[in-house]
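**Student:** In case you want the letters, here they are:
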Amino acid sequence: SQQGEEDPQALSIQEGENATMNCSYKTSINNLQWYRQNSGRGLVHLILIRSNEREKHSGRLRVTLDTSKKSSSLLITASRAADTASYFCAQRSGNTPLVFGKGTRLSVIA
Amino acid sequence: GAVVSQHPSWVICKSGTSVKIECRSLDFQATTMFWYRQFPKQSLMLMATSNEGSKATYEQGVEKDKFLINHASLTLSTLTVTSAHPEDSSFYICSANPGEETQYFGPGTRLLVL
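For the protein sequence lines, the chains are Y and L, in the order given.
Start counting the first sequence at 1381; every next residue gets the next number (our numbering).
Start counting the second sequence at 28; every next residue gets the next number (our numbering).
FYI, nobody ran anything at the bench for these hints, they're computed from the structure.
Certain hints may be false.
Okay, the calculated beta carbon distance ranges per label pair [to be verified]:
| # | chain 1 | residue 1 | chain 2 | residue 2 | range |
| --- | --- | --- | --- | --- | --- |
| 1 | Y | ASN1402 | L | PHE55 | 29 to 37 Å |
| 2 | Y | GLN1394 | L | THR107 | 42 to 50 Å |
| 3 | L | HIS34 | Y | SER1419 | 18 to 26 Å |
| 4 | Y | SER1448 | L | ARG137 | 39 to 47 Å |
| 5 | Y | ASN1402 | L | ASN97 | 19 to 27 Å |
| 6 | Y | PRO1388 | L | GLU86 | 21 to 29 Å |
| 7 | L | ARG137 | Y | ALA1462 | 20 to 28 Å |
| 8 | L | THR58 | Y | ASN1398 | 34 to 42 Å |
| 9 | L | PHE66 | Y | ASN1402 | 22 to 30 Å |
Since the model is a prediction, treat every value here as computed from it, not as a measurement.
Ideal Cβ placement from N, Cα and C applies to all residues, glycine included.
Please model the entire structure based on the sequences and the hints provided.
**Tutor:** Right under this line is the structure:
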């Protein structure tokens, strides 16, 4: 399976704290994408980082990519209760469809 | 961003019946759409790639005769779960790519087979 792994599987933090989620993958990639999924809902695209990029920011989100280690991290700063969701990384290689990791369930406690 | 819709959002059916799920790209054309399945607290698993005007490509372990895919136009793909059984109960999500790197997802269809 080419499926990646997220770490941790579950994370619980207080509102205002930062949340860091990690993702590892197995094959060479064109880009890596992070998605959020609220319980029972569809996926919302958060950020895309290409294989030649090392870091990207979007609002309170910061994504890093280390292709030598085949890993990526998603940092959410100053978390809010509304950030409670599952977060998935997904990799794209060539023209293949996205392959998703197992996800991290984030709980932000107010 | 691009918008992908799914219909219905949820469906309950009796075992043995067939269920059709529609996936539409609302503001772009998609020659390729993807169907994923997600069981509770698990990740999305790709079921098949739907190709406009040609046969779908199924992932290993997915029965093509059970999960019929029809991509009849550039904005519509349908997934029909034939002779559904309780183990087919799941969350089905489609996605499409409007020629960009980003893949856009529908809101999902929750299927419950009694």
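**Student:** Would you mind marking each hint as holding or not holding in the structure?
**Tutor:** How the hints compare with the structure:
The hinted window of 29 to 37 Å between Y/ASN1402 and L/PHE55 holds, with their beta carbons roughly 33 Å apart. Hint check: Y/GLN1394 to L/THR107, Cβ distance near 46 Å, so the stated range 42 to 50 Å holds. For L/HIS34 and Y/SER1419, the Cβ-Cβ distance of about 21 Å falls inside the hinted range of 18 to 26 Å, so the restraint holds. The hint said 39 to 47 Å for the Cβ distance between Y/SER1448 and L/ARG137, and at roughly 40 Å that hint holds.
Between Y/ASN1402 and L/ASN97 the beta carbons are some 39 Å apart, a value that contradicts the proposed interval 19 to 27 Å. Evaluation of the 21 to 29 Å hint for Y/PRO1388 and L/GLU86 yields a pass: the beta carbon distance comes to about 28 Å. Against the hinted window of 20 to 28 Å, the Cβ-Cβ separation of L/ARG137 and Y/ALA1462 comes to about 22 Å, which satisfies the hint. Distance hint check: the CB atoms of L/THR58 and Y/ASN1398 are about 41 Å apart, consistent with the given range 34 to 42 Å.
For the pair L/PHE66 and Y/ASN1402, the supplied restraint of 22 to 30 Å holds, since their beta-carbon distance comes to about 23 Å.
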